[in-house]
Amino acid sequence: MKNNYTRRDFLAASGALSVSFFLPRLGNTIQPQASANLVERNRHVLVAVFLRGGFDGLGFICPTQAPDRAPYEAARPNIGVPLSGNDAALPLTESFALNAAAKPLLPIFQQKQMAFVHACGLVTPSRSHFAAQSLVDLGSTRPGEFNSGWLSRFLKAHPCRTAAIGALKPASLLGSDEPLVLPRFKGLGLDGSPKQQRLMRTALRNIYSRPQDDARYGIAALNMLDEIENLALPSLAKNLPDLPSGEIPQKFALAAELIKHDKKLGLVTLDIGGWDTHRQQGTTGEGYFAKQLATLSTALADLHKETLSATDAWVTTIVFSEFGRRLKENASRGSDHGHGNLVMLMGSKVKGGQFHGQWPGLIHEKLFERADLAATSDLRQVFFEFLKLRAPQLQFTDVFGKSIASAQLDLFHRD
Amino acid sequence: MATLPMSNNALSLLSRVTYGLNQELVQAFLSLGKDDTERWKKFVDDQLSSANFIDEKVEKKIATLDLKVLNKPLNQLWREHNLSARAMRQTPAEKAPSTKKELRAARRERRDLALEPVQVLEAATWIRMVHSRWQVYERMVEFWHDHFNIFGYEQRTAPGLLALNRDAIRPMALGNFRALLGQACRNPALLYYLDNAYNQSSNPNENFSRELFELHTLGAENYLGTLDRESVEKGRDGFVAGYVDGDVYESARAFTGWRVADGSVGLDKNTGEFHYHEPWHDRFQKIVLGQKIPEHQAPLKDGEDVLNALSAHPGTARHLMRKLCRRFVSDTPTEVLVNRLAEFWLSRKDSPTQIKDTLLQLFYSKEFLEGKDFKFKRPVDYFASLLRILSPDFSPSEKFIQATQKSGQRLFGWKTPDGPPDVSAPWQSPQSLIDRWRTAQQIIRQEVPGCPIKWPDTLKVSETSPQILSKVLFEAILMREPDKQFLETLTLLAAGGRRTQTALPTELLEERIQLVAELCVLSPEFQVRS
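Protein chains in written order, with the numbering used here: chain A, -18 to 396; chain B, 41 to 570.
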């Protein structure tokens, strides 16, 4: 057999997250700049960002006033967010301030395009990643309640093209038959000349459609290849875009490109790991969490900017985690698994520039099990109001079963 | 054991316990007896009964790759890879590089040195999976690595991970679980990875203990959440119904001082080996799973007591047996089988061959023998099976490692402690599937170094009819009779999309053979262990 190592795109990229197929990030240069208010927007794209591993909301946004500031500083002498010095927190409201590493988010909040929901959590508290992520992904109150994801149940009633960005399908989309347009890393597609690929795809569709095989998954993959072709993106392989490096920026850049170019897209999920900071958390300066937070904040701000200027969609992003982290730092200058956590919302439809929900406080008696930020809002209520952007008639029970809904949070502007 | 109905079933059994069928395996199986029942019994007995599970042919292959790193004792691995790499940070090339290029090169060199232990282990593991005659054993080695998952591509974990493989998992993969657990919990890489290396009495770090309960022993299914410990009831068997956060915290105290001799805080010793650090240990009384651990015990005794309590608990047996059945039988094994095996497992809890004996029970069980929930191959399984059948001279190259990991699984490269999933859904996602298909095509097209394709002997160069070509390749790769629709599709592909039986011209032959072989390995039949 002959060797052929010169194929144009074979493994030119290093690592699993190389991206190449997408358009250069045109936002500011080629495409006409349009102010958010001038574009007629008639569709909604929902972006759900799951920060897996237990994102430290208390290292992201800190209380600045009595009675919460004193217990905060006492519990976190090494990993707290300071109010003065080089890394001084950036004031958001009278009582809360933003970790300076998240500075790119500040103008978005000030322009009322971003809001936070205090102290969200699971109805059934759990400090296990596995159990808590599963409850969040399935949108359930207890194990065994559902075997499908919360987004799958939504899509069943309100189908739309969905993109899950990450190597594997998240459990929030478990049970979904929607063809998922997934991230395009370099060379996504079959190997071979266009003619060989066409032949192969026809042949694959043929053998994956045989009645005796339960091989729907193969058809879903082939549908995805069709969908990608239908996107009719200009050929990019030759003209490599100036994409950012690193997993987080690339994932968000992919999301932005998809939203801009796929007019049928309704829902995007992103999974971002790396938040389980049990040791040497490094909340500020050159620390681990600070860097990770800065990367995330820049990526979110870029997504906001890109989608605001270059699409005709209302793009709304929700950022959440399976639980918050313990108030008190541990001996390794890290933090252990906690309970309540804030949720971040971003987009023009968000009632922005403010905090929603109820802040339970950090004084000893108010803590959950005297250790963690309590949860005052059911995370599922935030999810529900988020989904309603695309389906105004949606009922809580359509997605989350018979369970009791918590109080209305009123997080978004109606049309 | 139950009687085997037919040989198709025997092929499927072989596929389920190995990294994939090939002629060598099937011929060896056929030579073991006169019917499949006898052959299966002999096969399983033989597979689980080696003195050392060394395949000389494989060891020779590993040796030719200059894999001497594999034999370095842990303290040498630490010195020559971790400490040396750390020292390179202080060299002029990194401290005061003249160009960015020089700095990048210096960093790459340091990284290569630091990660060499895990990269060598990765290469050796591929060779063993694809070539070793001890297939069931190698799959159990993988099972335990998934169970005690460690992300190995890190400077601090790479040496310990290699030691875990060589000194604990390989010698004990078919041995006694309690013994293996004890070794794993003293492994420096695991202690780093789960932060126990920093766990001290003044302020315990609970990460290790939580994963010990949730992943390594009782499992999340026995987690009762944030309840008070006092409210957890004991069953008639004397065991508590499950564990709560309080048990995790108390257990964290029991493991304070289980750290690594790495020259940090209060330690001069810097060998990278396990070290029990008395000054960090919490000496006072603890209660774990309703059992009292008294104060002032001998060194290490507190932690060992916790491991004893955990490994004796029936919940742990069920959790482990569910995982074992999930690996070999079905994504959703029946509770009847799980409970039966768990009972057997507990009855052998002190046996040095507990794992082997239990595997025999599993492989002779009706549920296994008659199982039809064919497991979907994970990416590593998939590529191993492809190579076993088409590349008898395979040896992993850097490009092979890069190409195969795109499907989402890399040996020793799973970042979170839960290990790569052992159910089909995540691997069936379009992204992962298309990436495995493309990489498989690239291997068959000889675009990936290290994977020379050897076409089956049954494929005669003189034979150029699209239909015969298709039939021969199908039978050689999938080891069964093709169904009509599949054969028609293959034939159409072999004829370049035209409905013709005309012999293929020589210049097209290579391309068409490749396409037909590609469709065979991209088919639903080849994605599962059927």
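The set of hints was computed from the structure by calculation and includes no laboratory data. By construction, the Cβ of each residue, glycine as well, lies at the ideal position given by its N, Cα and C atoms. Among these hints, one or two may not hold up.
[Unchecked claim] Label pairs and their in silico Cβ distance ranges: (1) His345/A - Lys412/B: 53 to 61 Å; (2) Asp391/A - Asp523/B: 53 to 61 Å; (3) Pro432/B - Gln261/A: 41 to 49 Å; (4) Leu64/A - Glu270/B: 38 to 46 Å; (5) Gly266/A - Ser90/B: 28 to 36 Å; (6) Pro211/B - Leu64/A: 36 to 44 Å; (7) Glu75/A - Ala281/B: 41 to 49 Å; (8) Gln46/A - Glu270/B: 50 to 58 Å; (9) Gln261/A - Glu335/B: 25 to 33 Å.
Hint by hint, here is what the structure shows:
1. At roughly 58 Å, the beta-carbon separation of His345/A and Lys412/B lies within the given 53 to 61 Å, and the hint holds.
2. The hint said 53 to 61 Å for the Cβ distance between Asp391/A and Asp523/B, and at roughly 59 Å that hint holds.
3. Taking 41 to 49 Å as the suggested C-beta distance range, the pair Pro432/B and Gln261/A conforms, at roughly 48 Å.
4. Judged by the Cβ atoms, the range 38 to 46 Å given for Leu64/A and Glu270/B holds: they are separated by roughly 41 Å.
5. For the hinted restraint 28 to 36 Å between Gly266/A and Ser90/B, the CB-CB distance of approximately 55 Å leaves it violated.
6. A beta carbon spacing of about 56 Å between Pro211/B and Leu64/A contradicts the range 36 to 44 Å that was offered as a hint.
7. Restraint check, Glu75/A to Ala281/B: a C-beta distance of roughly 48 Å satisfies the suggested window 41 to 49 Å.
8. Taken as a hint, the range 50 to 58 Å is violated for the pair Gln46/A and Glu270/B, whose Cβ atoms sit roughly 38 Å apart.
9. Between Gln261/A and Glu335/B the C-beta distance comes to about 31 Å, which sits within the given range of 25 to 33 Å.
Hints 5, 6 and 8 from the list above are not met by this structure, while the remaining hints are.
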